[in-house]
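Going line by line, the protein sequences match chains A and B. Each residue of the first sequence is one higher than the one before, counting from 1 in the working numbering. Each residue of the second sequence is one higher than the one before, counting from 1001 in the working numbering.
Rather than coming from a laboratory, the hints here were simulated on the basis of the structure. Watch out, some of these pointers could steer you wrong.
As the list claims (entries may be wrong) - What follows is a set of in silico ranges between Cβ atoms, one per label pair, in the way DEER data are often shown: (1) A:D53 <-> B:G1200: 56 to 64 Å; (2) A:E19 <-> B:E1189: 21 to 29 Å; (3) B:A1005 <-> A:R269: 47 to 55 Å; (4) A:V386 <-> B:A1330: 48 to 56 Å; (5) B:H1017 <-> A:G218: 38 to 46 Å; (6) A:S49 <-> B:L1120: 35 to 43 Å; (7) B:G1044 <-> A:G218: 17 to 25 Å; (8) A:S206 <-> B:T1045: 20 to 28 Å; (9) A:G218 <-> B:P1046: 50 to 58 Å; (10) A:L76 <-> B:W1036: 52 to 60 Å; (11) A:S206 <-> B:R1325: 34 to 42 Å.
From the three backbone atoms N, C-alpha and C, an ideal C-beta is built for every residue, glycine too.
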Amino acid sequence: MFEVVARDGFARIGVWGPEGGLSTPAVASVHTARLRAPAAAPLLLSDGSAPLDRPWIRSRGTAFGRAPDAAAGAPLLIDVPRHFAYPPSLTAASGTAAREANERTPAPVHVAAEPAGVPRGAPVVVLPNLSAALPDPRLAARLLVSTRAAAGPASLLYAPGAATPTNLAVLAYAGVDLFDDAGSLLAARRGVYQRPEGPLPVADLSEFPCSCPACAAGTVRGYEGLVAHDREALRRELAEVREAIRRGDLRGLVEARIRASPELVGLLRLFDLEHHAAFEAAAPVLRRGTLFVNSTESLSRPEIRRFRRRLAERYEPPPSARVLVLVPCSHRKPYSDSRTHKAIHHALAGVPNRSAVHKVVVTSPLGVVPAELELSFPSQQYDLPVTGHWDGDEVAFIREAVAGLVAKGTYDRVFVHLNEKERAIVEPVVGPHEVTAADGDPLSPASLALLRDRAIERAAAAKRVEKGIRHWEDMRSRAIFQFGPPGRLLLEGAEVRGLYPTLKIVSRGEQLAQIVPERGLLSLTLGGARRLAAAGCHRVEIDDFTPRGTVFAVGVLDATDDFRVEDEVVLTHKGAVRGVGKALMTGAEMRDLSRGAAVAVRHHG
Amino acid sequence: MVSKALPIVQPLAKVVHSIRDYRGRDDDPREPSKVWTEEDSTLGTPEPALVVILRTRGCSWAMHSGCTMCGYPDDSFIRKVDDGDLVEQFSRALARAYKDQRIVKLYTSGSFLDKTEVPLAAQRAILASVPGAVKKVTVETQAEYVTEETLGNALAALKPGCRLELAFGVESTDPTVLMYSVNKTNTLEDFARAARLARGKGVGAKAYVLVKPPFLSERDAIEDAVRSADDVEPHSDVVSFNPVNIQNRTLVERLWQRGEYRAPWLWSVVEILKRTHGVLQHKGKSDPVGAGAQRGAHNCGTCDKAVYAAIKTYDATHDVSMLDRVPECACREEWRDLLELEPLTLSTTPL
């Protein structure tokens, strides 16, 4: 019944319905005897009081009313049962009572005033309270996240009466698939001119920042023209949202749109700060394009918090490293391609026992990026404004990461090769250290010479580390960062071969994995997959077949929840490894969806 | 005695109970709560009527939990009040404000005929002290307190030539609305029984129909009031439409503060009166409390005065054409939109 065609976190372009008649996210247009939908509207929301010639959603009203049982017209896609729901402030106290008041919900549409009791996989779940809850971001966040969590990915979520051009993006970001234009009609009636950047009283406008027919003709000051404009503003924003999902950049659109309203900013912040686990599980481990960190909210977005968390939980500095060099980040990525890092690399090139030296980049928003993780998403993809001014949150992230690094490492000496401002950030937490960017400029010949001289001295004094050992330790860090603790299984009895960045893990002549530099991920061979399968890591259990090309969700019996979209996954059947490939869905989607591509298979056995 | 005609929706009752302040008051129990004079046309022509609100222990149902829109318990002592004090309250009211009015309305923020609230002897003494010039006395009561005993007691006390009218807070005749919205357990049948008993003894029966209890959309509210009026008409001499006005320490106030409730539009009151006129004829009345204010039935602020005036004129004259002659206002289109859009979007809160 539902297939996801493109996904970006919880948001998805989907195809729903018996003949795939509905493409979501979608906006249904109100269509009654008195309020007629535009001829071009592809989907209608109606009580049946007007002739219906297009796919429509029937609403029968609330349980207190006596809605007419109008004859059905053209394809009735969704039949919303008559339903009474207590408003948001009361549902917690009276959820059960409200359920008693309602008729048995005819499957497949479930009306959920509260997430409790939502049947998993119900084809459509209606959230009647969301529009009333939006002024209270904490409540709205809870309703959205909990309802999606209870229903699972296979359900279409419909929030009636909620959409505006301003909030459409953030609601889609939270997984709402279906909207209507009731808000546009009321806005027009109340003389409100809608734009994604926020509403304005039409009476206040001298010029109209829009070229829809009503704005161009100047009829937008009257009700009919304003309805046309407000509807068009919503339709246009829907296209923006859908395109952003296809591009994998819905988050960027959301961060821009929420500026219009403190409640919407609050909603996104609560998603990031109080519902991180849910959004992180839906976020891919790799995105194309640049990840812009352009606002305070960007610092807390799921992928970035995930990186900082994995750094804190999964990462340990190479045990052989004795000399830590904290270096600045660079605009060009991966860091090793930048002028800054090439200069530092060159300065350290002549240092004997170089493998005892560990370069770590100090950066916002990731905190620190150890050199061996410079390819791991989003280390080579992020971009942010650099003004020399650091805000409190950035300083906190960096200090936390540096402190963790120094605590976990076995360094004899720390060199702080940073400018004065960055030095001031790390000094309170870095412990005993030496400043090698003596004149405040890490790239000055004097600084580089000082770094080289001090590094030579320190590295010489440290225990000799063989290059192969250090490469092995670095690779183990990458494997654990990507797969969690089971990643170390890939390095047992193995060695690292090849030239950076296309390094390979080889054991007894058999290649187990290799870095794919553009992805910043290890890709597995069947041999590597077998090692991880033993630990039940990143596992997708398929039915009894040989996976070739693509494994579809219908062929998946079960999946673990430890991998994300774009991750390497191991395909198994009753304990035997059948293949390995890239996850195209989350584990939850693989289990709940009955259609769609689940895994792009690379090798099968 | 609390009627158990309908089951109580416990979670709702608990919420209502939790909002109340059961500390009670410490006013002088010998002082009436409020006394005033207002215009009343029920004897044919507009004339002054004396309104007295006695302060009693309070409504029995409110002691349990109470109705979602009713703030009367705020005006009650919560603890028992002496017979003598209640009689003294009425006595003082008469002394201060009685000037040969022919109509007396005697309210208690509860049920006058509830013996646990106003003891039988006090009921008798108070009614006996109604001056001879009074032709009509109205008291409010819930249906369960109307018995042979209380009616007999009241009729014996009143002077000949003085008609008694009982006013009942019926609110709605829909069990779902009563249980899940008003939180009241008395049904149409309860009212019908009491009204029959009363009218059989020549006592008038007035039914209050509530307009827009909480959680009803504007359209649901209209339909509910119209249907309820239809249901109570055979048992009533007067049907009074009471649009909810938002009182302190009620559930509707809490909802209203959160943007989850809007008092009814005056357009809805007009609509209800027009649609019920055919059945009610001269029985239909409405004088919305706090009309035009945010806490009362209101429109947009611009046309409220004119629309309220039309409602009051209908209330006095029952000339339904007065309701058609209300000047148009742009907000009426918004009202019409809401009638459709609220049910369409399953909203139990205002859009």
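A quick look at each hint next to the structure:
1. A:D53 <-> B:G1200: 56 to 64 Å: holds, 59 Å
2. A:E19 <-> B:E1189: 21 to 29 Å: With a Cβ separation near 51 Å, E19 of chain A and E1189 of chain B fall outside 21 to 29 Å, so the hint is violated.
3. B:A1005 <-> A:R269: 47 to 55 Å: Taking Cβ atoms as reference, A1005 of chain B and R269 of chain A lie about 50 Å apart, which means the hint holds.
4. A:V386 <-> B:A1330: 48 to 56 Å: holds, 53 Å
5. B:H1017 <-> A:G218: 38 to 46 Å: Distance hint for H1017 of chain B, G218 of chain A is violated at roughly 57 Å.
6. A:S49 <-> B:L1120: 35 to 43 Å: Cβ of S49 of chain A to Cβ of L1120 of chain B: about 55 Å, so the range 35 to 43 Å is violated.
7. B:G1044 <-> A:G218: 17 to 25 Å: Taking Cβ atoms as reference, G1044 of chain B and G218 of chain A lie about 58 Å apart, which means the hint is violated.
8. A:S206 <-> B:T1045: 20 to 28 Å: The hint (20 to 28 Å, Cβ to Cβ) is violated, given that S206 of chain A and T1045 of chain B are roughly 57 Å apart.
9. A:G218 <-> B:P1046: 50 to 58 Å: Holds: the Cβ-Cβ distance is about 53 Å, inside 50 to 58 Å.
10. A:L76 <-> B:W1036: 52 to 60 Å: Hint holds: Cβ distance 57 Å, inside 52 to 60 Å.
11. A:S206 <-> B:R1325: 34 to 42 Å: holds, 39 Å
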